[in-house]
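Enquirer: Dock chain R against chain Y, hints included.
Okay, here's what each chain looks like letter by letter:
2 protein chains.
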Amino acid sequence: MNASEFRRRGKEMVDYVADYLEGIEGRQVFPDVDPGYLRPLIPTTAPQEPETFEAIIEDIEKIIMPGVTHWHSPYFFAYFPTASSYPAMLADMLCGAIGCIGFSWAASPACTELETVMMDWLGKMLQLPEAFLAGEAGEGGGVIQGTASEATLVALLAARTKVTRHLQAASPELTQAAIMEKLVAYASDQAHSSVEKAGLIGGVRLKAIPSDGKFAMRASALQEALERDKAAGLIPFFVSSPGPTRVSGPCHKEGLWLHVDAAYAGSAFICPEFRHLLNGVEFADSFNFNPHKWLLVNFDCSAMWVKKRTDLTGAFRLDPVYLRHSHQDSGLITDYRHWQLPLGRRFRSLKMWFVFRMYGVKGLQAYIRKHVQLSHAFEALVRQDTRFEICAEVILGLVCFRLKGSNKLNEALLESINSAKKIHLVPCSLRDRFVLRFAICSRTVELAHVQLAWEHIQEMAATVLRAQGEEKAGKPPCGAEFPPP
Amino acid sequence: MNASEFRRRGKEMVDYVADYLEGIEGRQVFPDVDPGYLRPLIPTTAPQEPETFEAIIEDIEKIIMPGVTHWHSPYFFAYFPTASSYPAMLADMLCGAIGCIGFSWAASPACTELETVMMDWLGKMLQLPEAFLAGEAGEGGGVIQGTASEATLVALLAARTKVTRHLQAASPELTQAAIMEKLVAYASDQAHSSVEKAGLIGGVRLKAIPSDGKFAMRASALQEALERDKAAGLIPFFVSSPGPTRVSGPCHKEGLWLHVDAAYAGSAFICPEFRHLLNGVEFADSFNFNPHKWLLVNFDCSAMWVKKRTDLTGAFRLDPVYLRHSHQDSGLITDYRHWQLPLGRRFRSLKMWFVFRMYGVKGLQAYIRKHVQLSHAFEALVRQDTRFEICAEVILGLVCFRLKGSNKLNEALLESINSAKKIHLVPCSLRDRFVLRFAICSRTVELAHVQLAWEHIQEMAATVLRAQGEEKAGKPPCGAEFPPP
Numbered sequence: 001m002n003a004s005e006f007r008r009r010g011k012e013m014v015d016y017v018a019d020y021l022e023g024i025e026g027r028q029v030f031p032d033v034d035p036g037y038l039r040p041l042i043p044t045t046a047p048q049e050p051e052t053f054e055a056i057i058e059d060i061e062k063i064i065m066p067g068v069t070h071w072h073s074p075y076f077f078a079y080f081p082t083a084s085s086y087p088a089m090l091a092d093m094l095c096g097a098i099g100c101i102g103f104s105w106a107a108s109p110a111c112t113e114l115e116t117v118m119m120d121w122l123g124k125m126l127q128l129p130e131a132f133l134a135g136e137a138g139e140g141g142g143v144i145q146g147t148a149s150e151a152t153l154v155a156l157l158a159a160r161t162k163v164t165r166h167l168q169a170a171s172p173e174l175t176q177a178a179i180m181e182k183l184v185a186y187a188s189d190q191a192h193s194s195v196e197k198a199g200l201i202g203g204v205r206l207k208a209i210p211s212d213g214k215f216a217m218r219a220s221a222l223q224e225a226l227e228r229d230k231a232a233g234l235i236p237f238f239v240s241s242p243g244p245t246r247v248s249g250p251c252h253k254e255g256l257w258l259h260v261d262a263a264y265a266g267s268a269f270i271c272p273e274f275r276h277l278l279n280g281v282e283f284a285d286s287f288n289f290n291p292h293k294w295l296l297v298n299f300d301c302s303a304m305w306v307k308k309r310t311d312l313t314g315a316f317r318l319d320p321v322y323l324r325h326s327h328q329d330s331g332l333i334t335d336y337r338h339w340q341l342p343l344g345r346r347f348r349s350l351k352m353w354f355v356f357r358m359y360g361v362k363g364l365q366a367y368i369r370k371h372v373q374l375s376h377a378f379e380a381l382v383r384q385d386t387r388f389e390i391c392a393e394v395i396l397g398l399v400c401f402r403l404k405g406s407n408k409l410n411e412a413l414l415e416s417i418n419s420a421k422k423i424h425l426v427p428c429s430l431r432d433r434f435v436l437r438f439a440i441c442s443r444t445v446e447l448a449h450v451q452l453a454w455e456h457i458q459e460m461a462a463t464v465l466r467a468q469g470e471e472k473a474g475k476p477p478c479g480a481e482f483p484p485p
Numbered sequence: 001m002n003a004s005e006f007r008r009r010g011k012e013m014v015d016y017v018a019d020y021l022e023g024i025e026g027r028q029v030f031p032d033v034d035p036g037y038l039r040p041l042i043p044t045t046a047p048q049e050p051e052t053f054e055a056i057i058e059d060i061e062k063i064i065m066p067g068v069t070h071w072h073s074p075y076f077f078a079y080f081p082t083a084s085s086y087p088a089m090l091a092d093m094l095c096g097a098i099g100c101i102g103f104s105w106a107a108s109p110a111c112t113e114l115e116t117v118m119m120d121w122l123g124k125m126l127q128l129p130e131a132f133l134a135g136e137a138g139e140g141g142g143v144i145q146g147t148a149s150e151a152t153l154v155a156l157l158a159a160r161t162k163v164t165r166h167l168q169a170a171s172p173e174l175t176q177a178a179i180m181e182k183l184v185a186y187a188s189d190q191a192h193s194s195v196e197k198a199g200l201i202g203g204v205r206l207k208a209i210p211s212d213g214k215f216a217m218r219a220s221a222l223q224e225a226l227e228r229d230k231a232a233g234l235i236p237f238f239v240s241s242p243g244p245t246r247v248s249g250p251c252h253k254e255g256l257w258l259h260v261d262a263a264y265a266g267s268a269f270i271c272p273e274f275r276h277l278l279n280g281v282e283f284a285d286s287f288n289f290n291p292h293k294w295l296l297v298n299f300d301c302s303a304m305w306v307k308k309r310t311d312l313t314g315a316f317r318l319d320p321v322y323l324r325h326s327h328q329d330s331g332l333i334t335d336y337r338h339w340q341l342p343l344g345r346r347f348r349s350l351k352m353w354f355v356f357r358m359y360g361v362k363g364l365q366a367y368i369r370k371h372v373q374l375s376h377a378f379e380a381l382v383r384q385d386t387r388f389e390i391c392a393e394v395i396l397g398l399v400c401f402r403l404k405g406s407n408k409l410n411e412a413l414l415e416s417i418n419s420a421k422k423i424h425l426v427p428c429s430l431r432d433r434f435v436l437r438f439a440i441c442s443r444t445v446e447l448a449h450v451q452l453a454w455e456h457i458q459e460m461a462a463t464v465l466r467a468q469g470e471e472k473a474g475k476p477p478c479g480a481e482f483p484p485p
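Sequence lines, in order, name chains Y and R.
Numbering follows UniProt numbering, in which position 115 of the first sequence is assigned residue number 115; successive positions increment by one, without gaps.
Numbering follows UniProt numbering, in which position 227 of the second sequence is assigned residue number 227; successive positions increment by one, without gaps.
Among the hints, erroneous ones may be present.
Any copy will do: because identical chains look the same in the list, a pair fits if it lies in one copy or spans two.
To be verified - Here are the simulated lysine to any residue pairs, SDA-like style, with alpha carbons at most 25 Å apart:
hint: 1; residue 1: K404; residue 2: A467
hint: 2; residue 1: K182; residue 2: C271
hint: 3; residue 1: K124; residue 2: P40
hint: 4; residue 1: K230; residue 2: E173
hint: 5; residue 1: K362; residue 2: R39
hint: 6; residue 1: K207; residue 2: P272
hint: 7; residue 1: K11; residue 2: E470
hint: 8; residue 1: K421; residue 2: A473
hint: 9; residue 1: K404; residue 2: E393
hint: 10; residue 1: K214; residue 2: H338
hint: 11; residue 1: K408; residue 2: M125
hint: 12; residue 1: K370; residue 2: I57
hint: 13; residue 1: K408; residue 2: F283
hint: 14; residue 1: K214; residue 2: E139
hint: 15; residue 1: K370; residue 2: A170
hint: 16; residue 1: K362; residue 2: D34
Derived by calculation from the structure, the hints in this document are not laboratory data.
So that you can see chain Y by itself, here it is in the shape it has in the complex:
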């Protein structure tokens, strides 16, 4: 394909993309396919001769779309939102065309420098403490990671290196393995599995700290665990927490690396009314959230800041000759390969630049506030129905709710909802209770979609409750051939 055919096909693809997103409401949000559906639909080997673009485009609707879970449908309320916006897509097109690999400043100065400045812009939007910004002479700064999992792992590895060097400076006879054996990282018992994965990869033990009534790590529980572990000869070194408020005290006092991972919630901190959730971040060593979740920057774009960039570069720096360049020790330049796990990296800051400028801070704030309003609207609907209960305080765009009753009943409700495929939800477990999550996700979701979703949930609930009532009354549930004994 040459440039002239790309001009034509690219414009067709732009229309396909616009058609897809304009018409997404009409597509069933969750697919009908069974595992293994795709393999029989396509050849077993790549073609020897080139095929036409038309043939491929045709196959998109025939082969791909029937198996897509439509994350941007306004009836998608599962997991967490993943960002999608037209400005970000335009920026990604440019990113693909420039196609530079920005592992060092010299590998493409614009790629590195725009990232540093965009991370400063975003840090200021969040009112991050000055210490996290790169500025012109700061010791901190931001970096775009692929995912929050990688940010957590990078933070944990930096903390591991720091504490190891510190201990070895005092006691040079200590081996790395002898230290690692005693290191302990902490996270809330409600923490994301990424923290557990980071501990596993980093080869250190991870302890879960009981959470409070709001599912946040309790400071007193953390303090108790620290005392107990220190008394047992262990070495606490790292705490990962979705919010800094409760844990910054103990971390500061004990000199632990505090990593704040607000993967989803972080976007909301650009609104002054939610910024208090980030109070205490001044005591953190690293902070991370995902603009690719809720700030309209398409995946992947996970924003991570550190107070001391040398903590990261000290953990990862390896400088082979072929990657060295003349400016690298000037202090002025940033080689982002030392801030991350991979070597290669795309020009992802273009997406931030396009989105921040085309929405403006006010536009982004309005977007966050609309989603929060929608979740409260859904919460209000649930509260009006006495068969249901709300299971956790609704703060941002997520509502955890369930039918009053057994886990089995709620499992049946979720099963009936996801089988009907009018909307899509996933469950979670809160203190052993099976709970349904209703997350405001799509950029295009409106109050009408939320209301329709709620009516649908109510209908499904009525059916499930009726089946349960009949079962209790000894009648055969619908479809059962024999009454229970």
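Expert: Chain R alone, transformed into the frame defined by chain Y:
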């Protein structure tokens, strides 16, 4: 921005992309900017109010392009190629629009299933042993990682878990730390820094094995290191090698995990005449190469295969026991989050699908062969000039060469070439010799570009040699105000 504005702006962007790539030869390959150039050119904070698309597009030429290293210029011969093709860019547009996060089968079945089948297609193109393919009931299979660094780390962690469990099964009293302290991984002394990084992250020691005249790990040197380390009570467990040929014997014999990382070279193995470089891969546990380097699939797309998928999922799977189900290991359901470091992942197999179909295997082979021909053409030019020498056998698209003479002389030559900015090269170090690398990179590079590049190098060499001659003769070098003492 709504769909209708996106239709307009998206088409403008398609034209911008086509213009950029059609005109890239006219742009200076390496930018003129100094570190810190960008910050003064843009505001210190994000705008409060939305800006127009026109304002942003204007800034691309004013602010971004002056700082871009043009990796797709036909005068870019630095690092390694990074892939760029129109079909891949079209696929990326679709990937952005669908915007699903394919961490599990259910999160978007098409995203998972197309990836498994595309990795089979690619595995067959490379004539990988059947054991690496997923097929319908295989125990192996492929996964798209972000980079070769991640693939190496994933392989090392899987091997670490496997050997740890094995040893603990025999001696349950052994702690993980006690085992990790003794684990040793091996790589060639010419290996990529990513192996060193993986060892650092995984908390295991890495030993460099001397390479032979062709810069490949010597089997005898590996065998000696293994014997020495075992005698010292250490536990060899992992070998990373760019080619399997020499090391598969010792690895097989000693039961070590062999990871073959052919990041760049791997693409060439789709041509029968280069496939012999992969002989011995049947003894490897994992194999990886980067279609995003040389197979026209835009970054990121690093293809990794394993013989036993449970080796990966066993290392990373964090599903609690009570969630396991009978089909989990059947090969029917793949949850790729257990195969990689991050949780989230994009629909990257679309790029493979578009590229493989629109080029066809023959088109891809022709592309590889053309690049190899160009590197041999450059090699022939170098060999005709007795002032120069070739420093390593030219096998694929990379030519390592230098002026006969000191490292200082060659550093001066590279410096003069990269200051002139007509072409862009980077150096490497081969057995302490400073060597210039000439890598065939751009999709659009032709013999004429290679010839022009060589003429330019010859001119620069003449100047550098003249300066050296004058210096030796006691004359002041050009530009020096005082003769040396």
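Enquirer: Give a verdict on every hint.
Expert: Here is what the structure says about each hint:
1. K404 x A467: within (15 Å within a copy, 87 Å between copies)
2. K182 x C271: This pair counts as neither: shortest intra-copy Cα distance 41 Å, inter-copy 51 Å.
3. K124 x P40: Classified as between: cross-chain Cα gap 17 Å, same-chain 52 Å, threshold 25 Å.
4. K230 x E173: So K230 and E173 pass the 25 Å test inside a copy (20 Å) and across (23 Å) alike.
5. K362 x R39: For K362 and R39, the Cα distance is within 25 Å only across copies (23 Å; inside one copy 47 Å).
6. K207 x P272: neither (33 Å within a copy, 52 Å between copies)
7. K11 x E470: Answer is neither: 57 Å inside a copy and 59 Å across each miss the 25 Å cutoff.
8. K421 x A473: neither (29 Å within a copy, 85 Å between copies)
9. K404 x E393: Within one copy, since 17 Å is at most 25 Å while 73 Å is not.
10. K214 x H338: Neither way: K214 and H338 sit 37 Å apart in one copy and 30 Å across, limit 25 Å.
11. K408 x M125: Close neither inside one copy (44 Å) nor across copies (49 Å); limit 25 Å.
12. K370 x I57: neither (36 Å within a copy, 29 Å between copies)
13. K408 x F283: Neither, since 43 Å and 49 Å both go past 25 Å.
14. K214 x E139: neither (35 Å within a copy, 43 Å between copies)
15. K370 x A170: For K370 and A170, the Cα distance exceeds 25 Å both inside one copy (54 Å) and across copies (58 Å).
16. K362 x D34: Result: close neither inside a copy nor across copies, 44 Å intra and 34 Å inter.
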